[in-house]
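Position chain L with the ligand relative to chain D; hints supplied.
Sequence order for the protein chains is D and L.
According to our numbering, the first sequence is numbered sequentially starting from 1.
According to our numbering, the second sequence is numbered sequentially starting from 1.
Mixed in with the good hints, there may be bad ones.
Quick look at which bits of chain D chain L covers, simulated, 3 or more residues with Cβ under 8 Å [to be verified]:
id: 1; segment: 14 to 20
id: 2; segment: 51 to 62
Derived, one-sided and incomplete: chain L residues facing chain D with beta-carbon distance under 7 Å [as the list claims (entries may be wrong)]:
id: 3; residue: 135
id: 4; residue: 193
id: 5; residue: 194
id: 6; residue: 313
id: 7; residue: 314
id: 8; residue: 338
id: 9; residue: 340
Since the hints were made in silico from the structure, they are not lab data.
Glycine residues also receive a C-beta, built at the ideal position from the N, C-alpha and C atoms.
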Amino acid sequence: MLHTFVALVQDRPGVLTRVASLFRRLNINIVSLTVGESERPDTSRMTIVCDAPENAAHRIRASLYKLETTIGVDEVNRADAVVRELCLIKVGAGPNHPHGLHSRSQIFELSQVFRARVVDLAPESIMLEMTGSASKIEGLLQVLRESGYTILEVSRTGRMAMRRGHHTSRVLQALGTRQGQNTSEFPDPDPDALREDETLPGIFEE
Amino acid sequence: MADSSNANPTLTGAEILLATLAGEGITTIFGYPGGAILPVYDALRKFPTLHHVLVRHEQSAAHMADGYARASGRVGVCMATSGPGATNLVTGLATAMIDSIPIVAITGQVSSKVLGTDAFQEIDITGITLPVTKHNFLVTRAEEIAAVLREAFQIARSGRPGPVLVDVTKDAQQATAIFDFDAAKPHPYRPHPMLRAESSSIREAVALIQQARRPVILAGHGVVESGAEKEVLALAEAHQIPIASTLLGLDAVPAEHPLSLGMMGMHGESWVNNAIQQADLLLAFGMRFDDRVTGNLTKYSPNSKKIHVEIDPSEVNKNVSVDVALIGDLKEVLSLLTPLLADQHPPRSAADSEWLRQIHAGKGNASVRDIINLPDNGHLYAAHVISDIWHEAAAAGRLEQTIIVTDVGQHQMWEAQYFKHQAPRSLITSGGLGTMGFALPAAIGAKSACPDKDVWVIAGDGGFQMTAAELSTIVQEKMPINIAVINNGFLGMVRQWQETIYDKNYAASPILSPNFVLLAAAHGIAGATVNRRADVIPNASIARTSGKPFLIDFQVEKEDGVYPMITPGSGLHEMLRRPQHDPLLELPEDQ
Ligand SMILES: Cc1ncc(C[n+]2csc(CCOP(=O)(O)OP(=O)(O)O)c2C)c(N)n1
Numbered sequence: 001m002l003h004t005f006v007a008l009v010q011d012r013p014g015v016l017t018r019v020a021s022l023f024r025r026l027n028i029n030i031v032s033l034t035v036g037e038s039e040r041p042d043t044s045r046m047t048i049v050c051d052a053p054e055n056a057a058h059r060i061r062a063s064l065y066k067l068e069t070t071i072g073v074d075e076v077n078r079a080d081a082v083v084r085e086l087c088l089i090k091v092g093a094g095p096n097h098p099h100g101l102h103s104r105s106q107i108f109e110l111s112q113v114f115r116a117r118v119v120d121l122a123p124e125s126i127m128l129e130m131t132g133s134a135s136k137i138e139g140l141l142q143v144l145r146e147s148g149y150t151i152l153e154v155s156r157t158g159r160m161a162m163r164r165g166h167h168t169s170r171v172l173q174a175l176g177t178r179q180g181q182n183t184s185e186f187p188d189p190d191p192d193a194l195r196e197d198e199t200l201p202g203i204f205e206e
Numbered sequence: 001m002a003d004s005s006n007a008n009p010t011l012t013g014a015e016i017l018l019a020t021l022a023g024e025g026i027t028t029i030f031g032y033p034g035g036a037i038l039p040v041y042d043a044l045r046k047f048p049t050l051h052h053v054l055v056r057h058e059q060s061a062a063h064m065a066d067g068y069a070r071a072s073g074r075v076g077v078c079m080a081t082s083g084p085g086a087t088n089l090v091t092g093l094a095t096a097m098i099d100s101i102p103i104v105a106i107t108g109q110v111s112s113k114v115l116g117t118d119a120f121q122e123i124d125i126t127g128i129t130l131p132v133t134k135h136n137f138l139v140t141r142a143e144e145i146a147a148v149l150r151e152a153f154q155i156a157r158s159g160r161p162g163p164v165l166v167d168v169t170k171d172a173q174q175a176t177a178i179f180d181f182d183a184a185k186p187h188p189y190r191p192h193p194m195l196r197a198e199s200s201s202i203r204e205a206v207a208l209i210q211q212a213r214r215p216v217i218l219a220g221h222g223v224v225e226s227g228a229e230k231e232v233l234a235l236a237e238a239h240q241i242p243i244a245s246t247l248l249g250l251d252a253v254p255a256e257h258p259l260s261l262g263m264m265g266m267h268g269e270s271w272v273n274n275a276i277q278q279a280d281l282l283l284a285f286g287m288r289f290d291d292r293v294t295g296n297l298t299k300y301s302p303n304s305k306k307i308h309v310e311i312d313p314s315e316v317n318k319n320v321s322v323d324v325a326l327i328g329d330l331k332e333v334l335s336l337l338t339p340l341l342a343d344q345h346p347p348r349s350a351a352d353s354e355w356l357r358q359i360h361a362g363k364g365n366a367s368v369r370d371i372i373n374l375p376d377n378g379h380l381y382a383a384h385v386i387s388d389i390w391h392e393a394a395a396a397g398r399l400e401q402t403i404i405v406t407d408v409g410q411h412q413m414w415e416a417q418y419f420k421h422q423a424p425r426s427l428i429t430s431g432g433l434g435t436m437g438f439a440l441p442a443a444i445g446a447k448s449a450c451p452d453k454d455v456w457v458i459a460g461d462g463g464f465q466m467t468a469a470e471l472s473t474i475v476q477e478k479m480p481i482n483i484a485v486i487n488n489g490f491l492g493m494v495r496q497w498q499e500t501i502y503d504k505n506y507a508a509s510p511i512l513s514p515n516f517v518l519l520a521a522a523h524g525i526a527g528a529t530v531n532r533r534a535d536v537i538p539n540a541s542i543a544r545t546s547g548k549p550f551l552i553d554f555q556v557e558k559e560d561g562v563y564p565m566i567t568p569g570s571g572l573h574e575m576l577r578r579p580q581h582d583p584l585l586e587l588p589e590d591q
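If we strip away everything but chain L, and leave its shape as in the complex, we get:
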């Protein structure tokens, strides 16, 4: 800081902004400069602890801040100029909003004197981002910057987290004011006044758990956000309750834990969805009964009682009516609930659970159709690629140190099915918005937050091309990120829907791609093309250990499908299974 000798120095608004970021413990800003934010960029050199990552598109800046937050649990920060810089952030903010990710976005704005006059690069970004931020602010005076920014951080990380945008006019950045970080401390966060986990409701929940014969825990993103992974597992173990996960809850419990069932929903495994349909009690922890996990609501888990532990009261009874709602932070609620259960309900053992036996029988049944168990027929399948990346990391003992960042599409679902996550925050994926182009920038954010972890991008050939420009960012930042492009020549998930629902009318789903290895080479990034299963593990190994970015173009089976699949309108148990005519199911002797 320019004037650090003075406890409360007089600084420009731009300096106050950066000093406040530093004070909040921020070390990395993902951003892109432009006229209305230039005073802040001009002041950057005075703040050596703040590292600025220059992105190639502001959408990526928001995804990077998002990936940073998902990987670390800390607030990510991105920055853009007014007008087009600010509007480019919108998709990234929406992605963070729907997945409850804490980020603070800072945008420059035209001078307060010309606000509302359609000045050059003026856009009403607080108006535009109203529905895609948890809250936003317009700041027009240097005196307000520190307090507003600190409040923005508090809002972003408190309660149900989310993105907050702070729009700062250029004159506010240029004016001077006294900087007093401590005086700018916000009032304590106002907890949502409808939070309640009354003892009567907790007792009801206890009774329901005691009576249940076929309970299932539904673990959502809230388990990770609340940091309640251990508590959930402890409850599950003590009472032998199997755990089904949402996409964003997949890394909440170790996949290889005997009680972990895996992902539920549209592409959930049959035993998971069947367990939910047959359950007599659902314990929904930090999840919101999204349509992707419930299927047809009128057919959803018809015979179960439902307990919903959720921090956001507006989520309760939104899609599914529940019998007991415990509104609050999951970890706190479980700290009230679990001891009561321990008193009244002697822990069950796995051996005497008929329910678990039934579920496991379903598992064996499903594995016959599982692509992973079929003999090698010389083709390369995305599921095999993902499974082998997992095997490689597991064999190297790096599973707990590996973060997978996926894009959106078939590969995302295969990742969810075949990469067995062992540690919280080891899967980063856009769940609620399903934003293609998310993976590469989010991986950059994750790698900046966790430089010692191995970060893999798993992206489709379509989504990868949406933000492929960030390849030069990882080179400029010298970030050893590993990239697996699952290249099937199609917008695969779209193709699969067209195959299933639109009579194989492949309208606009075949996609031409550049030679990804040459594209990487043009950036000075090494790479390899892999089209045989035997080459997956060796190349994954090279990528992981090279200490440099590495791209692998996995040329996989073009028309493979993700199964099981629940088509729109069907119940969770009404799954499409891998078709029998699938060449994969023809064993060599059949041919």
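Bound conformation, chain D alone:
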């Protein structure tokens, strides 16, 4: 099954390698991984989506925490988080296209339905930008293909996730991030205490 982890990590050379290397060691395939700056200085937030057995989540999270460059880790699932992905799509459309110039207006219409935006117009192609859930992006791609358009290029960011609610995530809540607080101060020792109903899954439980 797919697991989504959101990790707050130090922003310095080699951190991505450490995270990636951990998944390599566990022989788990990373489906997507996005990294970017976070709201805290010198700190990046990563969203890692990986394909692993259901009961592997605890061990992955515990192992991520063991990296000295990790500040916090949260596992989110679809129900309690907003998950988004950005996709750029270049579609063949121009006078030489089978639908001719008419193709462009069709693509405009399609993109409106999917809330995609046209971000580039070239003589023989159109570039669309779309943000949404992975399934929505796949929907647009499928419709384009089925309508006979040639998809020239696709670039996707992979998923980004953020826990819903007024505290962005359990991690942040636990870190007690306040404006201007010394960020290097070490976090509350128990930001990830299991809830009463949570259990630690075992490899041999199925």
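Chain L with the ligand alone, transformed into the frame defined by chain D:
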């Protein structure tokens, strides 16, 4: 220090590095020089409190730092140059990593200006050591050295300990910066955020212990790392719970304590493994259910509830699913758990424990087959050698002052079975990685940490030859280390597997050795060859009291096997016992 009058002097990076080591309380560095670390070596003479031990191979430097740490509980330090010096450390780092040993390895690196250009002796050592260190650093500026090094020490010794590598570019060693030891103090260590031993879980554990009729404590290396030896014993005594040990947990409880069962696992004694299989409660303390101790997981202790006290959350439910996980430092967890038990559970007495009686009956049964109880048939057996080294130390009242450092193979298992350890940190052995060549260098580390203790190397003829070059190190360092080579003419453990599993196809397991006594003599080390049991104790005595290094070549039975043995795929109770056709079991009247 060059400029000690000034509170915050300006020093070179190399001087800062050494001053930081001194500030961290380090007195010994195991290392080997080379171009990229030469500025540090050049500065060494300014730091008279730092003693440098010149090794013969950098792998040994890492093992020495490791042996130093295992013997003392303090962080060991090793140092190497860039490129081949650094890559030679890798096996030693991996050995320390898997056994959770705190060491700091310092490597020189090419100048930051040429990083990434394949300069002479440039190697990406932080990349190479990523999976075999707890953490590593690349330092390119003199200003960063003190803080990074101090953080490295903190990481190495905190939480679940482990090796940390600090790679320092040559220009960082040569540049100057202001040295302020106190300002370089790291932030408090970030405890693993998933540590938890909630009161509800502790209450569950208490209930499980109360209900248990056949409990067994599984004592691992974590007992020693946490310093919880007394607490574990107190719990065991109060509730009459027998204690089985992992290889690295063997010295956590005195072997002669009535509740101590001995080693569990692949070569554990039958009563230990049977107790685990029959138990209704396992209390796993600072151990990780390694495959060498569980045997076939699907058959492992099928009827027991399991309580796991462990500092590393990623170990919980990794191999064996447990009923209660108490994640934290063992000593702290026990300080919460034990008082609750005392309130609710009146201490049991040994007399009314049917469970203990059952285990002890198994002991008597097994001793019939025990090699140690068989009459002398004129042959020398490794088990007898090890047992007699123990007898000699015990008779001299030196048991608590004796450290045994083993290599890897059959002799290691016989040591575990027959040397009755009485004190914590008295057994030093490579458990998780099983690194041959570990013993001699690790013993050098142990002896530097504990110069007043008697340090014995027990090594096979194969493994001893892997790092035998360190004989000249012990001479150069004037270290009275005693060396027992258990010489069976084979890579014994490999031969035993070939005998049991590969139809006696002894491919590449017979090994030719030099005359070890002459080899020692070439180094100016005295020695003796022993091939009769009667000569073991007298020679062990000479070795222990000579005040100089001493090597004994014990020429033992060539095709002896370690029993019991659990072959791969078998459950813990499905042991191979010492075969009946064994000549040892033929009593004189049979012949
Ligand atoms: C560096 C390394 N290489 C190979 C092995 C595999 N191995 C395990 S035990 C063993 C044989 C050890 O032979 P010896 O040192 O003579 O000791 P004995 O088993 O005879 O006591 C070997 C080759 C190992 N553990 N370490």
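Residue 314(L) as an interface hint toward chain D, with CB separation required under 7 Å: 4 Å, holds
Hint check: 7 Å Cβ-Cβ cutoff, residue 193(L) to chain D: 5 Å, holds
Proposed interface contact between residue 338(L) and chain D, which counts if any beta carbon pair is under 7 Å: Since the shortest Cβ distance to chain D is 22 Å, the answer is violated.
Given coverage of the segment 14 to 20 of chain D by chain L, tested with a Cβ cutoff of 8 Å and a minimum of 3 residues: With 3 residues close enough to chain L, the hint holds.
Hint check: 7 Å Cβ-Cβ cutoff, residue 194(L) to chain D: 5 Å, holds
Residue 340(L) as an interface hint toward chain D, with CB separation required under 7 Å: 20 Å, violated
Agreement of hint residue 313(L) with chain D interface, Cβ distance less than 7 Å: 4 Å, holds
Outcome, coverage of the segment 51 to 62 of chain D by chain L - at least 3 residues whose beta-carbon is closer than 8 Å to one in that chain: holds (count 5)
Restraint outcome when residue 135(L) is required to lie within 7 Å of chain D by C-beta distance: 4 Å, holds
In summary, the numbered hints that this structure violates are 8 and 9.
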